[in-house]
Amino acid sequence: MTDLTNMPVIRPAGLCGLLVTFGLELTEPANRAALAFAAAVERSGIEGIEECAPSLASVFVRFDPLGLRHEALTQALEQLLGGQDWYAAPMPTGRRFIRVPTVYGGGLAPQLDEAAEAAGVTADEAVQSLSGSRVRVQTIGFAPGQPYLGLLSPEWDIPRQTNLTKAVPEGALVVAIRQLVLFSVSNPTGWRHVGQTALKLFRPDADDPFFLRPGDEVQFIPVEPGGLAQHEGDPDGGAIIEVLR
Amino acid sequence: MSRSLIVHRIAPGATVQDLGRNGYLAFGLSRGGALDRTALYEGAALLRQDVACAALELPGAGGMFEATCDLRIALTGAPMRAQVEGTALVWNASHVLPKGARLEIGALISGSTGYLHVGGGFDVPERLHARSAHLAAKVGAVVVGGAHLPVGVDAHDEVGMALPLDRRFDGGAARLVESFQTHLYDADTRARFEETVFKRDARANRMGMRLNSDGDGFFAQGGLNILSETIVPGDIQVTGDGTPFLLMAESQTTGGYPRIGTVIPADLAKAAQTPAGGEVTFSFVSRDEALTAEERHRAYLKSLPGLCTALVRDPAEMRDLLSYQLISGATAGEP
Chain A
1 MTDLTNMPVI
11 RPAGLCGLLV
21 TFGLELTEPA
31 NRAALAFAAA
41 VERSGIEGIE
51 ECAPSLASVF
61 VRFDPLGLRH
71 EALTQALEQL
81 LGGQDWYAAP
91 MPTGRRFIRV
101 PTVYGGGLAP
111 QLDEAAEAAG
121 VTADEAVQSL
131 SGSRVRVQTI
141 GFAPGQPYLG
151 LLSPEWDIPR
161 QTNLTKAVPE
171 GALVVAIRQL
181 VLFSVSNPTG
191 WRHVGQTALK
201 LFRPDADDPF
211 FLRPGDEVQF
221 IPVEPGGLAQ
231 HEGDPDGGAI
241 IEVLR
Chain B
1 MSRSLIVHRI
11 APGATVQDLG
21 RNGYLAFGLS
31 RGGALDRTAL
41 YEGAALLRQD
51 VACAALELPG
61 AGGMFEATCD
71 LRIALTGAPM
81 RAQVEGTALV
91 WNASHVLPKG
101 ARLEIGALIS
111 GSTGYLHVGG
121 GFDVPERLHA
131 RSAHLAAKVG
141 AVVVGGAHLP
151 VGVDAHDEVG
161 MALPLDRRFD
171 GGAARLVESF
181 QTHLYDADTR
191 ARFEETVFKR
201 DARANRMGMR
211 LNSDGDGFFA
221 QGGLNILSET
231 IVPGDIQVTG
241 DGTPFLLMAE
251 SQTTGGYPRI
261 GTVIPADLAK
271 AAQTPAGGEV
281 TFSFVSRDEA
291 LTAEERHRAY
301 LKSLPGLCTA
311 LVRDPAEMRD
321 LLSYQLISGA
331 TAGEP
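As you go down the protein sequences, you meet chains A and B in turn.
Everything in the first sequence is counted per my numbering, starting at 1 for the first residue and increasing by one.
Everything in the second sequence is counted per my numbering, starting at 1 for the first residue and increasing by one.
Quick caveat, the hints were computed from the structure, so don't treat them as lab data.
A few of these clues could be false.
Result set (BS3-like, lysine-lysine): computed pairs, CA atoms no more than 30 angstroms apart in a straight line [said to hold, decoys possible]:
id : chain 1 : residue 1 : chain 2 : residue 2
1  : A       : Lys166    : A       : Lys200
2  : B       : Lys138    : A       : Lys200
3  : A       : Lys166    : B       : Lys99
4  : B       : Lys99     : B       : Lys199
5  : A       : Lys166    : B       : Lys199
Some but not every residue of chain B turned toward chain A, in silico, with C-beta under 10 angstroms [to be verified]:
id : residue
6  : Leu19
7  : Pro98
8  : Gly100
9  : Arg102
10 : Gly240
11 : Asp241
12 : Ser283
Output of the computed footprint for chain A on chain B, the stretches with three or more beta carbons under 8 angstroms from beta carbons of chain A [stated by the list, open to error]:
id : region
13 : 174–182
14 : 262–268
All residues carry an ideal CB built from backbone N, CA and C; glycine is no exception.
Make the full structure from the sequences, and use the hints.
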């Protein structure tokens, strides 16, 4: 078994993948390291690598195991890891700050009360805390264009539900383990549905099908329950976009 | 007249599929593509065309189809009863579908998912560099009755070729490699997992299949609070109540439920073809064994064009021959 006390570690992910992990918990430096290292792997041009994708605190590298030996790739990645302090790497360039109109609770987001209780706060306090948090896209994953956003304050370190919710709609804002996820397509989830937006994150027929990028910052601004109707037909869901410099 | 296949009726959940989309993991889009990739290679070998040609994936049952011009077709994947205007068609073989004739593909004989290929492939629009519908991502959609599916230009005219029916349609043993979360399961739990005979839940879809068993669930240490991490096709994810799910073509790209192991690529088509209610078991193999299996699997896929043999084409013998072939192909004759 791999020693997990000494990060980063390289472990197998199926037969055709390796996972380079910078932390078992999500921290800002580990996320920073994952984003920067993924970009470095892309640039490295190591022959036999077929795809590379950052997750929250890891980088997944897919390769052809018959063309490139697992051991050889491990060695090449170790060498790349040794080249710099990845935990201190800069954030990606071209980041944006995006404010998204959001309805909290009620019929559109029925698990606000339940999530607030799990966090040990009232529903009002929950809305105040969530809508006041300026969170960053830590990774895109699970579904197309779908961000994991964080980090929320410690009271939001609430577990996932033991049972899956059958489906939350596109644009649903859900919470667990100090993170928010904004759903790009309707899917089942173990996270609690606390807010609803009109944002379309995945636009398969557009030139740029994916709205958000890792490193973008997002704030979910509360609006009245009827406040999303005016944004119907706007794929940005009424979001206000500002380029960060 | 445009080249197309008219769909008069079709199984629920049928989609156009090719090998899917690689390169979008970082954007949260899984590869997708045919659940049984081996079937795409078989179809390409039978029609002497590129494996990238898109086919119709038929989950659980077929449908009724008609060609707007003479089309070459091939039937692969899970064997189903098929006929054109009353003449039974050999499965895992290529045929002519004459203009105006009705092709009827009926119930499954074994396995779970059949494929209908056409010469030239289905020419539906490419989206994000592939023709595959990705239902979970809402890219493309299921094919429904009344559809006219465009067919690409066919560079060949050879038909009447057959491949031996593969043995991947009855469930059974699938091999796993350890993955980065396997160690979250203690040795007893892993051993119990390998000893358990699972049944494929009837509700399986293109994202994954639930694996039912009678005994206790399979619980990881630190179960519900691990970080969401990259998923690869073949991962067996265990949800909070201890139930394993085999994740397939359209799975999510990351997930927070731990994975006990990963079905090797060489066994994934077989696992995906486990019939509803059919039995499946899993056993861990070493990386070296998995690599050997992968080499053999790729060699097999490469050998398929050479394994095709001619069906006897004398029209007078046709009907008898076809029914004979259907039985000798271990596909049980009478309904």
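Now the hints, each set against the structure:
Between the alpha carbons of lysine 166/A and lysine 200/A the distance comes to roughly 20 angstroms, so the proposed pair stays at or under 30 angstroms and holds. The straight-line distance between the Cα atoms of lysine 138/B and lysine 200/A is roughly 12 angstroms, inside the 30 angstroms bound, and the hint therefore holds. With a C-alpha separation of about 44 angstroms, the suggested pair lysine 166/A and lysine 99/B falls outside the 30 angstroms cut-off, and the hint is violated. Under the criterion of a C-alpha separation no larger than 30 angstroms, the hint pairing lysine 99/B with lysine 199/B is inconsistent with the structure, at around 42 angstroms.
Simply put, lysine 166/A and lysine 199/B have alpha-carbon atoms about 22 angstroms apart, close enough for the 30 angstroms limit, and the pair holds. The restraint placing leucine 19/B at the interface with chain A is violated, with a minimum CB-CB distance near 13 angstroms, outside the 10 angstroms limit. Violation of the interface hint for proline 98/B is found here, the shortest Cβ-Cβ separation to chain A being roughly 36 angstroms, above the 10 angstroms cut-off. Proximity of glycine 100/B to chain A is violated relative to the hint, the smallest CB-CB distance being about 35 angstroms (cut-off 10 angstroms).
Checking arginine 102/B against chain A by beta carbon gives a least distance of about 34 angstroms; that is not within 10 angstroms, so the hint is violated. Annotation: glycine 240/B was flagged as interfacial toward chain A, and the flag holds, the nearest CB pair being 4 angstroms apart, inside 10 angstroms. About 6 angstroms separates the beta-carbon of aspartate 241/B from the nearest beta-carbon of chain A, less than 10 angstroms, and the hint is met. About 15 angstroms separates the beta-carbon of serine 283/B from the nearest beta-carbon of chain A, more than 10 angstroms, and the hint is not met.
Residue count for the region 174–182 of chain B with a Cβ under 8 angstroms from a Cβ of chain A: 4. That meets the three needed, and the coverage hint holds. Under a criterion of three residues with beta carbons nearer than 8 angstroms to beta carbons of chain A, the stated coverage of the region 262–268 of chain B is upheld, 3 such residues being counted.
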